[in-house]
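S.K.: Residue numbers (this note's numbering), protein chains in the order written: chain A, 1 to 261; chain B, 1 to 436.
Bear in mind the hints are in silico, worked out from the structure with no lab data behind them.
Wrong hints could be hidden among the right ones.
To be verified - Listed next, the stretches of chain B that the computed footprint assigns to chain A, with coverage defined by at least 3 CB atoms under 8 Å from CB atoms of chain A:
# : stretch
1 : 247-255
2 : 328-340
Claimed, not checked - Among chain A residues calculated to face chain B with C-beta under 8 Å, some are:
#  : residue
3  : A5
4  : I32
5  : T70
6  : L71
7  : Y72
8  : G75
9  : Q76
10 : V80
11 : L215
12 : L219
Unchecked claim - Once the Cα atoms are required to be at most 20 Å apart in a straight line, the calculated SDA-like pairs of lysine to any residue come out as:
#  : chain 1 : residue 1 : chain 2 : residue 2
13 : A       : K58       : B       : R257
14 : B       : K378      : B       : R296
15 : A       : K58       : A       : D8
16 : B       : K288      : B       : V302
17 : A       : K232      : A       : A246
18 : A       : K58       : B       : R319
19 : A       : K58       : A       : R29
20 : A       : K58       : B       : V256
21 : B       : K378      : B       : R319
Given the structure is predicted, the values throughout are model-derived calculations rather than measurements.
Each residue gets a CB set at the ideal place from its N, CA and C atoms; glycine is no exception.
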Amino acid sequence: MQGIADYDFIRSLGRGNHGEFFLARRPERLPITDEYVVVKVLGGTGEDAFRRATRELKAFAAVRSPHLVTLYDAGQQAGVFYYSMEYLPDGSLASPARPRGLADYHRALACAARAAQALHEAGIVHRDITPSNVLLTENGGKLADLGLAQVLTQGATITGMGALPSVEFTDPALLRGDPATTAVDVWSLGAVLHRFTAGTGLYGGLPVHDPLLTLRTVLSTPPMISDGLPPKVADLVRSCLDEPSARPTAAEFAERLEALA
Amino acid sequence: MNRPHRDAQSPAPPPGVPSGPVVRPLTGDGLVAHVGGLLLACDAADELTERLLQALWAASGEGGGPDAGRALIRNVAQVLAGAMTTSTAACAVAGPADGGTAVLVCGNATVTVSGGEGELTLGGQTALTWTDRFVNGPASRIELRLATAGEPHPRARLDAGAVPGGGLQWTAGPADAARPVRHSERSGAQAHRPPEAPTDPRREVPADAPAAPRRADALTPPGTPPTPHEPAAQATPGDVPDEDIRSQPFESVLLVRTADAPAAPAPPPARPDLEPDSRPEVWGAECKNGHFNDPRAHYCEVCGISMGQLTMIPRRGPRPPLGVLLLDDGMVLRLDTDYVMGRDPERAEPVAAGTARPARVDDRNGSVSRRHLHVMLKDWDVMLVDLGSVNGTYVIPPGESEYQQIPTGTPVQIWPGTTVRLGASRSFRYESHRKR
Numbered sequence: 001m002q003g004i005a006d007y008d009f010i011r012s013l014g015r016g017n018h019g020e021f022f023l024a025r026r027p028e029r030l031p032i033t034d035e036y037v038v039v040k041v042l043g044g045t046g047e048d049a050f051r052r053a054t055r056e057l058k059a060f061a062a063v064r065s066p067h068l069v070t071l072y073d074a075g076q077q078a079g080v081f082y083y084s085m086e087y088l089p090d091g092s093l094a095s096p097a098r099p100r101g102l103a104d105y106h107r108a109l110a111c112a113a114r115a116a117q118a119l120h121e122a123g124i125v126h127r128d129i130t131p132s133n134v135l136l137t138e139n140g141g142k143l144a145d146l147g148l149a150q151v152l153t154q155g156a157t158i159t160g161m162g163a164l165p166s167v168e169f170t171d172p173a174l175l176r177g178d179p180a181t182t183a184v185d186v187w188s189l190g191a192v193l194h195r196f197t198a199g200t201g202l203y204g205g206l207p208v209h210d211p212l213l214t215l216r217t218v219l220s221t222p223p224m225i226s227d228g229l230p231p232k233v234a235d236l237v238r239s240c241l242d243e244p245s246a247r248p249t250a251a252e253f254a255e256r257l258e259a260l261a
Numbered sequence: 001m002n003r004p005h006r007d008a009q010s011p012a013p014p015p016g017v018p019s020g021p022v023v024r025p026l027t028g029d030g031l032v033a034h035v036g037g038l039l040l041a042c043d044a045a046d047e048l049t050e051r052l053l054q055a056l057w058a059a060s061g062e063g064g065g066p067d068a069g070r071a072l073i074r075n076v077a078q079v080l081a082g083a084m085t086t087s088t089a090a091c092a093v094a095g096p097a098d099g100g101t102a103v104l105v106c107g108n109a110t111v112t113v114s115g116g117e118g119e120l121t122l123g124g125q126t127a128l129t130w131t132d133r134f135v136n137g138p139a140s141r142i143e144l145r146l147a148t149a150g151e152p153h154p155r156a157r158l159d160a161g162a163v164p165g166g167g168l169q170w171t172a173g174p175a176d177a178a179r180p181v182r183h184s185e186r187s188g189a190q191a192h193r194p195p196e197a198p199t200d201p202r203r204e205v206p207a208d209a210p211a212a213p214r215r216a217d218a219l220t221p222p223g224t225p226p227t228p229h230e231p232a233a234q235a236t237p238g239d240v241p242d243e244d245i246r247s248q249p250f251e252s253v254l255l256v257r258t259a260d261a262p263a264a265p266a267p268p269p270a271r272p273d274l275e276p277d278s279r280p281e282v283w284g285a286e287c288k289n290g291h292f293n294d295p296r297a298h299y300c301e302v303c304g305i306s307m308g309q310l311t312m313i314p315r316r317g318p319r320p321p322l323g324v325l326l327l328d329d330g331m332v333l334r335l336d337t338d339y340v341m342g343r344d345p346e347r348a349e350p351v352a353a354g355t356a357r358p359a360r361v362d363d364r365n366g367s368v369s370r371r372h373l374h375v376m377l378k379d380w381d382v383m384l385v386d387l388g389s390v391n392g393t394y395v396i397p398p399g400e401s402e403y404q405q406i407p408t409g410t411p412v413q414i415w416p417g418t419t420v421r422l423g424a425s426r427s428f429r430y431e432s433h434r435k436r
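Okay, chain B solo, but in the shape it has when bound (with noise of 0.2 Å):
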């Protein structure tokens, strides 16, 4: 059962059309089957295979076209949905959608799409659902595998039709693959929004299932119809416990070069800076030897030199950085600008709008709120305002010995050498050389 596709099934490429694009089988103990650029493989019993396959028929016959992925993978998530508590398949589809891929993959399967920049890779393994997802841009190979998926015969294609095998491997025609190839590394959360119909595997999950993280508002019986709903709809670091971490699905992102890779990959630039220049500009002044202060300062928090005698002429410049926060547990944030601080900080407000950077902070009792507290760079101050935590923000000024609470919504200036506890057990020091 291992390469029955070899010789059978597969016409002669049509000739005088060499550069379209190919799609050939992969060895293995499953079925194949491909129409129109829509891709399927799949490992099931006998009755789900064939509802697969009306879904892939389906999707090709509802318009076909660049947009037939997205039907595609709503009627195979449909189909699997129905056939979720009786039985178990490996499958893995793809097609084209918008200029892109959608693809879709459950079970003991894995896809792959690459780009100019890199591939790709989704796997289900362990998953008791399915995920889905949708890549940018125009791909130059898609392979779908099975769990037995073999190598493809050079020769053997599969232009149309439904095959034994394990796998299909999809390669764009020249033409295809010379365009400029924008990846999904690019502009984050967006490359890799699910297709607009959303097949959200949490939507529809057995009710006995082991403890899968979902939520509850989000189960809707089989056969809903779709709803939109949040791009960052995945799970978040800390909702999932360790244990069930493989129950998810997996993204990955090949870092090695491979000798078939379509064209090495252009040399990355050199790092480009990881943010543009923050610094603020603020009124200061300059010691004697050039270093720009606090107008307010004594001595120059560079050298140490005394700025009393100075006549001094303010002037405005980009702000050093006010010093560092340590954290308890080693890590340590420089104060060049705003920080928001909680166990899911990246949705905060001054994060959206790019004037704070999110600082992740978690305990294992849960006693740090989402977004817990806003450290505020003002002018030469650093200020705390709490954010509505639960458990509160408390400070231990320098020179003192006992917490106490700041009030919620209202800045509170500190200074070098004050230690700020967030809830019950995290806490952190706000450390500079400059003496006020």
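Next up, chain A with everything else stripped away, as it sits in the complex (with noise of 0.2 Å):
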């Protein structure tokens, strides 16, 4: 893709949970001093589609946090879904800029708990927390990138379109079709931590290249916690994967990590 609406698309930053995303040109009229910005592409969706996921994405804008990206305008042409939102150079959690010590990730990690709790207090789950979610700054990290799946298709709880082991990340119950609480996101920050701590998922090694296969074995295998993770992060894993109603808040999680470090 060249670009669309009056964005020029520069390069193609890769593929998201259910769509891709690229580095564009500020266009003239976004009343902001950015030179570069960065526009996520969803497939053609309905028109009723377009107005629930515009209204979730104001919903997001609408919540102070410093720890959440800026979005900046939605928009559809020719039934092709877009948003557009603030352009972090140094990478995310699954791929960052150039190497990063541990204690900037967990740094980065507990700015976006931050994020989720400012998320949770306005009534909204954040449904799709993961590594590549997790953006780094300088000195801590941003969270981005709603997870608009149930919004796009109703009644679903995951869409498909791309890279689909993100769903290492989501709380099982919600893919066995329990709704989303802010429960689900706070599995999610533990099921991150684990993966950057222990290098490796909850499940193991998933298949990559079959999604009813990959999502068959998240759906019948119990999450475990790898051995290699030091006992005080392997505590707060397990708390996050615990019933929902024992699970700590967003806020808990950021202040136990930042212990941590």
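Two chains, two frames, some hints: make the complex.
M.R.: In structure tokens form, the structure reads like this:
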């Protein structure tokens, strides 16, 4: 794709859970000063889905937190839905622009947890906290990209298109059809912490080429905490996977993670 | 040619009436005009500019008033249609209609309409023809911009007339702005329906234009009286090849807050439930631990405890999800209500009636029908009804290994572990921890 609406793309930044990200130049009409922005292009959506998604994004954009990525606009062209946000050149936990120490990653995840807390206090569940949605900044991090699966296709708990293994970070209760509560975001924070501290996921190696098989594995295998985790990290991850009512809040998660550093 | 309007042409504001709307010209190369709330900005050849101006004067003469925007859009569309093959123009117009705003944009220009809840921007940048929209509710600000548009001089205004410029900025007076604004976001398709007199750009396209998406039956010669058409006449996803997307008009809603935004919109309420609790009541029975189950089940589906020894007292209760459908592209659909699957499921009857959700399933070779399959929940059972699809629906029941086609129009029950194929290449699997 060369661009969408009045965004001219410079290059692709990769695929997300249900769309593709592009680096683009800022169109004149946006009332901001950044030279570059990130545009996420989602697949074709119906008119209703566009309205719902825009409403969700507006709610997200209205939440004030220094640790949430700033959204710029949302639109559609020929039925293809897109939205734009600030560009953070340092990359994400999934693909940092340069190697960083574990302390940096912990700090970024703690910031993302604080952002999740701000969303939760506004009544919003993120639903899609994964390493690629925790972005690195110079001295912390930001949480990006609301999970719009449920919005774009009602009843969907995950939408396809693209790299699937992010189910590894999704509370299996959500996959089974339980309603999304703030506790599912805490589950995801724990799973992300496990992934980049232990270097492996809660389900070990997942088949990447067969989405059906991946999902069946996740639904039929209980998550296992790696023996390689330091005991305190393992305790924190374990508490995130507990019964929803026994899990810490996102803010408590942030505090405990910061205390580990 | 950049700032000729600053000291000329604009009469001083009439004394004593500071509260009405104000129109300010923006710098830039082009011509802008305003009469009675009707706005025009264009950059075109002389002759075309002249005809656009006439279209504007004519609309204000045809009655003006609260609906003049409609006449304006119609007139301008006719002028553009007539000029289509001979010249290209950048042009943007806006005017009041039906308590809202009718806008049209063509070529490299944008129109932004702001209301209390946000902004809508329409761009014609690379469109072959033009696009028009109706934006619901009173606007607080309307801005027309050509490519070269700059900023307005804070003291410049254009109460009526035509001057050189790159755009126009219309702002409601305090009295207008104070009114509550119901912006377009609220009512979906309704909010963005085109004006009743449609000027669908696809109606008049030069025969030698590059392949733009259009339906042959929508083509009528220029000058044909407009006829009403379906409100949902927008291109549906998939109808437009990737490389042609940018030849289409776009719309956008601003999410970032601007410094000069009228009033900060009230923080939206906590995420409203996306849909009301739609779980229907069914007959069921509770296990010893109080989990609500299919009365025919031998074991509780939640805790696995045997239900055999219990004296079961059936009761009515909300049905829990019957599991999920795992699609081959990674989508997971929760089975708490019916679904219609297909390439274009949103206009299926059960979806329109609110008894089923649409699930868009498509493949590259088009073997999935527009409305292909109805997944129907009946009490505790999951049934499939093929909706007369062209390429059929096939199932592999658990424990078997070959696809069998299901009949059209007849419900067929499936059990957890069943794989289902739609047409040639798309498939999903029904998964549930319920075992029967």
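S.K.: Would the hint linking K232 (chain A) and A246 (chain A) be met if the CA-CA limit is 20 Å?
M.R.: Distance ~17 Å between K232 (chain A) and A246 (chain A) Cα, so the pair holds.
S.K.: Is K58 (chain A) close enough to R257 (chain B), meaning Cα to Cα at most 20 Å?
M.R.: holds, 10 Å
S.K.: Please verify that hint: T70 (chain A), Cβ, nearest Cβ of chain B, below 8 Å or not.
M.R.: holds, 6 Å
S.K.: Within the stretch 247-255 of chain B, is the number of residues with a Cβ closer than 8 Å to a Cβ of chain A three or more?
M.R.: holds (count 8)
S.K.: Given the hint that K58 (chain A) pairs with D8 (chain A), test it: the Cα-Cα distance must not exceed 20 Å.
M.R.: Roughly 24 Å between the alpha carbons, so the hint for K58 (chain A) and D8 (chain A) is violated.
S.K.: For a C-alpha distance cap of 20 Å, please report whether K288 (chain B) and V302 (chain B) respect it.
M.R.: holds, 11 Å
S.K.: Against the 20 Å threshold, does the CA-CA distance of K378 (chain B) and R319 (chain B) hold or violate the hint?
M.R.: holds, 10 Å
S.K.: So is the stretch 328-340 of chain B in contact with chain A by the C-beta rule, three or more residues under 8 Å, or is the coverage claim wrong?
M.R.: This one holds; 11 residues, not fewer than the three required, reach chain A with a Cβ under 8 Å.
S.K.: Is K58 (chain A) within 20 Å of R319 (chain B), Cα to Cα?
M.R.: Given pair K58 (chain A), R319 (chain B) is violated - Cα atoms ~33 Å apart, limit 20 Å.
S.K.: Quick check on the hint: Y72 (chain A) CB to chain B CB, less than 8 Å?
M.R.: holds, 5 Å
S.K.: Are L71 (chain A) and chain B close enough, Cβ to Cβ, to be under 8 Å, as the hint says?
M.R.: Constraint on L71 (chain A) satisfied, holds at 4 Å.
S.K.: Any CB of chain B closer than 8 Å to the CB of A5 (chain A)?
M.R.: holds, 4 Å
Hints 15 and 18 from the earlier list are contradicted by this structure; the remaining hints agree with it.
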